[in-house]
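Same order as they appear, the protein sequences are chains A and B. For the record, in the first sequence the residue sitting at position 80 is 80 according to full-length UniProt numbering, with numbers rising by one throughout. For the record, in the second sequence the residue sitting at position 76 is 76 according to full-length UniProt numbering, with numbers rising by one throughout.
Worth flagging that the hints you see were computed from the coordinates, not collected in a lab. Quantities reported herein were computed from a predicted structural model and do not represent experimental measurements. Backbone N, C-alpha and C fix where the C-beta goes; we use that ideal spot for every residue, glycine too. Check each hint, because a few of them may be wrong.
Stated by the list, open to error - Part of the chain A face toward chain B, derived, beta carbon under 8 Å:
hint : residue
1    : Ser-97
2    : Leu-98
3    : Ala-112
4    : Arg-115
Claimed, not checked - Not close to chain B: a few residues of chain A, all C-beta gaps over 10 Å, as computed:
hint : residue
5    : Glu-3
6    : Arg-4
7    : Val-5
8    : Pro-6
9    : Ile-7
10   : Val-26
11   : Val-27
12   : Asp-29
13   : Asp-33
14   : Ser-35
15   : Val-39
16   : Thr-41
17   : Gly-42
18   : Arg-62
19   : Thr-66
20   : Arg-72
Unchecked claim - A few chain A residues that face chain B, going by a derived Cβ cut-off under 10 Å, partial list only:
hint : residue
21   : Val-16
22   : Val-20
23   : Met-28
24   : Leu-30
25   : Val-81
26   : Arg-84
27   : Ala-86
28   : Ala-88
29   : Leu-91
30   : Val-92
31   : Glu-93
32   : Val-113
33   : Ala-119
34   : Ala-120
Okay, here's what each chain looks like letter by letter:
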Amino acid sequence: MTERVPILRIGDVLLVSIQVDLEDRVVMDLQEDLSNRIVETGARGVVIDISALEIVDSFVGRMLATVAAMSRVLDAETVVVGMRPAVAITLVELGLSLGGVRTALNLESGLAVLRRARAAGLGYVPGRPTSGFRPDRT
Amino acid sequence: MTHDGGAQRLVDLLTAQSDEFISQWVRSVGESLRGRISLTELGQELNELYAAILSGLQHGGLASRGEAFAEVRSLLMELSRNRARQGFTPTETAISVFALKDVLERSLSGGGEEDVRAYLQFARLLDDLGLFTVESYARTREEIISSQADQLLELSTPVVKLWDGVVAVPLVGTLDSARTQVVMERLLQALIDYDSTQAIIDITGVPAVDTQVAQHLLKTVVAARMMGAECVISGIRPQIAQTIVALGIEFGDIPTKGTLADALRHALSAIERDRKLAEEYGGGLL
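Bound conformation, chain A alone:
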């Protein structure tokens, strides 16, 4: 039996904190579990914490994009938090820009990003995108 990434629920938000090495199997399980939980709980936001990840390859980069797209279809916004500088540099060097994935420095600002996205989604805000937020992707 392989390890599974725990998915915690806080209010309307699901928190996924990745603490294990992301093998392909783990990633597939996570995608499946997460989509199930979003439907079960009716969550409006997903926070993926990758502060424990020291190595990110293109597969993980694509996984983040897939998860974001998947939850959007289920009407939940995704934000990736806690990316380390080394990881960001690696992704840039790999030519991945994680387009369409919202990012934030830490959990707290991640939740703020979700709130803003929610507000924007409810049509409160005309005009410019906010930090890490791309209106063209909503």
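Assemble chain B onto chain A, guided by the hints.
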């Protein structure tokens, strides 16, 4: 063995008139350095060197790369290092060794065939040692240059906290890939350290922007965005703006500002807008 014979003859010669040789040597080197180094200091250096060469000849013959000349080599390395640091030219450094030839040559006038052969052998030995001096001199200079380059890199890429939630990198000098790497690492770390969501890259001090530099800037901005921060590029001078347009460089959706003040205003209003948005309308979520 002829070599040993030559070496023995040299040892005899050098021992017999050592005081005279050394004082002549010091004088002739002193002249070439034109008083930029004190004669006492020079005398001390050359005395040690002379003794080391003599003992090298006694024990190791004329093989200048051999074990017996280790002492000579380390003294020469020390000497070249000091000369390089004090700003002497390579010629002035090498002359310290070559001058010994002249000194010996003068004392040989009228000598027999054996003396001439010994002198030639000694000259070859000194050529070797002279080359070694120049080599060490060059190596020292390279070390100095590379350490200065490192220092420059350290000095020219500070990341400063400008306001709560705003950090800035004032870039000074040309932006190449090595510097971009350093800037990127520093900036991203500062975002975490100061918990900042806005970063300003100020390029007032960058003399020219070409496609390569723009590419580096874009990379940095993309990396910062991936961490969850927004970047503004500021300090774009009129000429730079013209070059950017002429080259067809696209900064995409990255905001650019003329001055750091404008960029700071932009960053602060973005923070304020984000805060209001989350506070007033984002209810129902946590």
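Here's how the hints hold up against the structure:
1. Ser-97: 5 Å, holds
2. Leu-98: 6 Å, holds
3. Ala-112: OK, holds: A:Ala-112 within 8 Å of chain B, min 5 Å.
4. Arg-115: Check passed: Cβ of A:Arg-115 comes within 3 Å of chain B, closer than 8 Å.
5. Glu-3: Per Cβ check, A:Glu-3 is outside 10 Å of chain B; nearest 26 Å; holds.
6. Arg-4: Check passes; 25 Å lies beyond 10 Å.
7. Val-5: Per Cβ check, A:Val-5 is outside 10 Å of chain B; nearest 21 Å; holds.
8. Pro-6: Since the minimum Cβ distance to chain B is about 19 Å, A:Pro-6 lies beyond 10 Å and the statement holds.
9. Ile-7: The claim holds: A:Ile-7 sits with its nearest Cβ about 16 Å from chain B, beyond 10 Å.
10. Val-26: 22 Å, holds
11. Val-27: Since the minimum Cβ distance to chain B is about 19 Å, A:Val-27 lies beyond 10 Å and the statement holds.
12. Asp-29: Fine: 25 Å to the nearest Cβ keeps A:Asp-29 off the interface.
13. Asp-33: Label holds. Min Cβ-Cβ 22 Å, cutoff 10 Å.
14. Ser-35: 20 Å, holds
15. Val-39: The claim holds: A:Val-39 sits with its nearest Cβ about 18 Å from chain B, beyond 10 Å.
16. Thr-41: Holds, since 13 Å exceeds 10 Å.
17. Gly-42: 12 Å, holds
18. Arg-62: The claim holds: A:Arg-62 sits with its nearest Cβ about 14 Å from chain B, beyond 10 Å.
19. Thr-66: 17 Å, holds
20. Arg-72: With a cut-off of 10 Å, A:Arg-72 remains clear of chain B, as the shortest Cβ separation is near 16 Å.
21. Val-16: This hint is violated: A:Val-16 lies away from chain B, its Cβ roughly 16 Å from the closest one there, beyond 10 Å.
22. Val-20: This hint is violated: A:Val-20 lies away from chain B, its Cβ roughly 22 Å from the closest one there, beyond 10 Å.
23. Met-28: With a minimum Cβ separation of about 24 Å from chain B (threshold 10 Å), the hint on A:Met-28 is violated.
24. Leu-30: 20 Å, violated
25. Val-81: This hint holds: A:Val-81 lies near chain B, its Cβ roughly 7 Å from the closest one there, short of 10 Å.
26. Arg-84: This hint holds: A:Arg-84 lies near chain B, its Cβ roughly 8 Å from the closest one there, short of 10 Å.
27. Ala-86: 8 Å, holds
28. Ala-88: 4 Å, holds
29. Leu-91: 6 Å, holds
30. Val-92: Because about 5 Å separates A:Val-92 from the closest Cβ in chain B, which is inside the 10 Å limit, the hint holds.
31. Glu-93: 8 Å, holds
32. Val-113: 7 Å, holds
33. Ala-119: 4 Å, holds
34. Ala-120: 7 Å, holds
Violated hints, listed in ascending order, are 21, 22, 23 and 24; each of the other numbered hints is respected by the structure.
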